[in-house]
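**Student:** Sequence:
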Amino acid sequence: MPDQALKLRLMKLKALDGLSHLDELNRETEELWKLPDKGSYAGEITLWWADVRTFDHTNDQTRTLLKQALDLGLPPAEAAYARALLAETTPQAIEELKHAVQLDPFHQRAYAILALDYVLLGQRDEARQIARAASRLFPHDARFVLAQVLVETMDENREEADRLLDSLRGKLPDAQLAAVRGMVELGTAIRLGDQWEYGKLTDVNLLTVIPKLAQARGAMPHGLERTIGRLPSTKSALSAYSPFMQKRSLWNLLSGQAPDLSWIPERAEHHPDGFLYFLHGFWGITVDHYEEAVASFSKAAELSHSFFSNQRESLFGLAVAHVMLAQQNASENKQPDYQAAVPAVRRYVAEGPVPEHRAVFLMNVARQAGDFALADDIAFQMIRQQPENPAWWLELARTCRLQGHLLAAVDYCDHALELAPENKDARELRARCSEELEKKVAATSNGGS
1 MPDQALKLRL MKLKALDGLS HLDELNRETE ELWKLPDKGS YAGEITLWWA DVRTFDHTND
61 QTRTLLKQAL DLGLPPAEAA YARALLAETT PQAIEELKHA VQLDPFHQRA YAILALDYVL
121 LGQRDEARQI ARAASRLFPH DARFVLAQVL VETMDENREE ADRLLDSLRG KLPDAQLAAV
181 RGMVELGTAI RLGDQWEYGK LTDVNLLTVI PKLAQARGAM PHGLERTIGR LPSTKSALSA
241 YSPFMQKRSL WNLLSGQAPD LSWIPERAEH HPDGFLYFLH GFWGITVDHY EEAVASFSKA
301 AELSHSFFSN QRESLFGLAV AHVMLAQQNA SENKQPDYQA AVPAVRRYVA EGPVPEHRAV
361 FLMNVARQAG DFALADDIAF QMIRQQPENP AWWLELARTC RLQGHLLAAV DYCDHALELA
421 PENKDARELR ARCSEELEKK VAATSNGGS
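Going left to right, the sequence shown walks through residues 1 to 449 as the numbering used here numbers them.
Note that these hints are calculated values from the structure, not bench results. Each hint should be verified, as a subset may be incorrect.
What the hints assert, rightly or not - Below, computed lysine-lysine pairings styled on DSS-like, alpha-carbon distance capped at 30 Å:
| no. | residue 1 | residue 2 |
| --- | --- | --- |
| 1 | K171 | K98 |
| 2 | K14 | K38 |
| 3 | K14 | K34 |
| 4 | K12 | K67 |
| 5 | K7 | K34 |
To be verified - Simulated restraints, written as ranges between beta carbons of each label pair:
| no. | residue 1 | residue 2 | range |
| --- | --- | --- | --- |
| 6 | P36 | L103 | 28 to 36 Å |
| 7 | R163 | F106 | 23 to 31 Å |
| 8 | P76 | A15 | 15 to 23 Å |
| 9 | Q386 | R347 | 18 to 26 Å |
| 10 | L35 | P91 | 16 to 24 Å |
| 11 | A340 | Q129 | 18 to 26 Å |
| 12 | A373 | G352 | 13 to 21 Å |
| 13 | N157 | V441 | 52 to 60 Å |
| 14 | R347 | H140 | 42 to 50 Å |
| 15 | S331 | Q92 | 43 to 51 Å |
Where is the CB? At the ideal position from N, CA and C, for every residue including glycine.
I would like the entire structure built from these sequences, with the hints used as guidance.
**Tutor:** This is the structure:
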């Protein structure tokens with residue numbers, strides 16, 4: 001086929017990709033790939049084949065094709081893009097993608113991956129800047145609106161995120177919008193926390209998100225699932241032949257099952273964020289590998305925020321892992337030592353509001369570690385959040401009782417009873433504390449006489 005005709009067909013591929021006509025894009029790419037004579041465009045056709053059909057290839061096959069494309073010769077911007085797809089780490093990929101769009105300001109695929117790379121690294125300003133600029137260049141490509149949605153969700157600006165999603169109504173099929181909303185909800189659940197707690201990996205709130213994504217498999221708009229799957233962090237760490245959010249290990253892990261994720265730590269350095277370590281910590285708790293969970297949550301807690309991970313959530317995971325490790329190591333005649341969990345609990349409490357369903361667990365860890373001041377800090381924080389809830393006054397009473405401060409414990413029980421006169425727990429605890437206080441006073445009197 002003459003080079004001029006090949007050039008026109010390659011231009012058509014760009015148009016089809018930008019408009020998300022993926023079935024036609026696949027057919028056109030396959031037809032070009034099967035041509036016996038690809039002329040001077042052999043490198044570009046090979047790159048398109050590696051890129052568009054990435055989920056039909058293993059990681060090694062994709063890398064081989066990309067290297068072949070570079071060897072056959074590519075225009076400078078396409079060569080930078082190919083090197084980005086070959087990059088071993090996300091920062092390396094970002095540098096190549098930035099180079100690609102500098103060389104070709106209309107390189108739509110490079111913009112798409114660059115925006116999502118910034119999102120996954122938690123670099124919100126850069127992600128927002130790229131997504132907005134690309135939206136002006138490619139107004140029909142929903143990927144850039146969706147990148148802005150993820151950024152606004154990261155900033156906890158859900159109202160703006162919903163507004164952006166609503167702007168796509170009528171432009172995208174309902175199934176595609178559902179897929180994106182599911183991804184946003186899942187990322188929010190993991191990032192903002194309070195969707196899992198001590199003793200179980202996930203709860204009903206998080207589990208309701210996953211079927212939405214499962215029902216929408218293959219429905220990601222404008223090649224979003226292919227764009228995510230092309231990210232170096234996901235190619236290197238979670239394989240190249242399945243979209244990131246559809247990777248079976250991730251689905252099983254978040255639904256409470258336990259795939260083998262022991263390989264994550266050695267590959268987590270490919271993506272300098274806490275997400276992979278965060279997942280590995282979840283896995284460690286699920287399969288009772290608590291030392292590994294402690295190590296991974298420790299690393300995740302020191303790394304940057306991203307859409308799918310959160311330093312503070314890693315602190316909670318670290319506290320849980322320490323508690324479970326202490327219980328595992330305790331002997332029959334010795335109580336677990338929770339001292340190692342206290343620094344994580346202290347940081348977790350200091351960095352933001354404590355969710356109601358986690359407060360008692362965190363107080364118990366502090367009390368059993370002997371850090372009564374920390375337990376009181378948590379209780380007073382909950383009282384500030386819910387001043388009319390007698391449960392938190394009872395927790396103060398329990399902490400005082402453990403310290404032998406029985407008079408204060410009685411006072412706190414009385415306050416709880418003022419709020420809820422029929423509260424059975426408050427009455428029983430007050431009776432026990434009063435009885436112990438009377439015995440203590442009697443013993444002191446007898447000793448004095």
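**Student:** Enumerate the violated hints, using their earlier numbering and listing them in ascending order.
**Tutor:** 10 and 11
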